[in-house]
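Sequences and hints are given; from them, build the entire structure.
If you read the protein sequences in the order shown, they are chains E and W.
For the first sequence, the positions run 985 to 1103 when the numbering used here is used.
For the second sequence, the positions run 985 to 1103 when the numbering used here is used.
Keep in mind that the hints were calculated from the coordinates and are not lab data.
None of the hints are false.
Label-pair ranges, simulated between beta-carbon atoms:
no.	chain 1	residue 1	chain 2	residue 2	range
1	E	D1029	W	E1074	36 to 46 Å
2	E	I1103	W	N1054	16 to 26 Å
3	W	E1084	E	D986	24 to 34 Å
4	W	D1101	E	R1063	17 to 27 Å
5	W	R1047	E	A1020	39 to 49 Å
6	W	E1094	E	R1102	35 to 45 Å
7	E	Q1041	W	N1090	38 to 48 Å
8	W	E1094	E	C1050	38 to 48 Å
9	W	W1025	E	N1090	39 to 49 Å
10	E	D1029	W	V1083	18 to 28 Å
11	E	L996	W	V1091	35 to 45 Å
In silico negatives: residues of chain W with every beta carbon more than 10 Å from chain E:
no.	residue
12	S995
13	L996
14	D999
15	W1001
16	G1021
17	V1024
18	W1025
19	G1040
20	Q1073
21	N1090
22	V1091
23	S1092
24	D1099
25	L1100
26	D1101
27	R1102
Keep in mind the model is a prediction, meaning the values are calculated, not measured.
For each residue, glycine too, the CB sits at the ideal point set by N, CA and C.
Number of protein chains: 2
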Amino acid sequence: MDKVNVEQKLSLFSDHWSPKIVAELNGQAVKLVKIAGEFVWHHHDNEDELFYVIKGQLRMEFRDQCVLLNPGEFIVVPRGVEHRPVAEQEVHLILFEPVETLNTGNVSDERTRADLDRI
Amino acid sequence: MDKVNVEQKLSLFSDHWSPKIVAELNGQAVKLVKIAGEFVWHHHDNEDELFYVIKGQLRMEFRDQCVLLNPGEFIVVPRGVEHRPVAEQEVHLILFEPVETLNTGNVSDERTRADLDRI
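Shown next as structure tokens:
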């Protein structure tokens, strides 16, 4: 029965836009990711997605508004809603979503990650 | 599209062992709870349960070991595994589990909470 220390897990990687799975439960995964810059506009057809900020400031853009999130804050992006995560400076995030959720949703580009590492 | 500030939500209540729902996604709920003292030994037949520590030190007891968790650490208790959360001093937690998960699992006592408040 192992615990997970989020900071320790975050120290294990430095690449951006490449989520790592750190735990699974009830068909959902806890993923950690570091991001910097602008991601691609996308949505997820069947999955809601939670973004919890550990470090930095996340700007979650929607087509009609944007939401700024600081450490200790999270947002749930409902399925079907187009969004674009933006990090002017590096941001560390916990993601909570189904194991099979693709980071780029309905879009495929060079940052799409299918088989995520487990750390 | 609202964000959730965990500290702000925690400031809205002070009772112990009474989880509040702050978000839902994919049939799962994000719950906040404050605990102090020893809970009841219990398990959940069909649900895995995540405990993420925001404040204080959580001692998660199992029948054959115990795990100490500090802020920024979490543990997933798999379905079927008997456990007992203990907080020598007040602990603030994020729980992640199915919406319908009962806090006392297979046990019913005076701390069982069925219809959780949404805050």
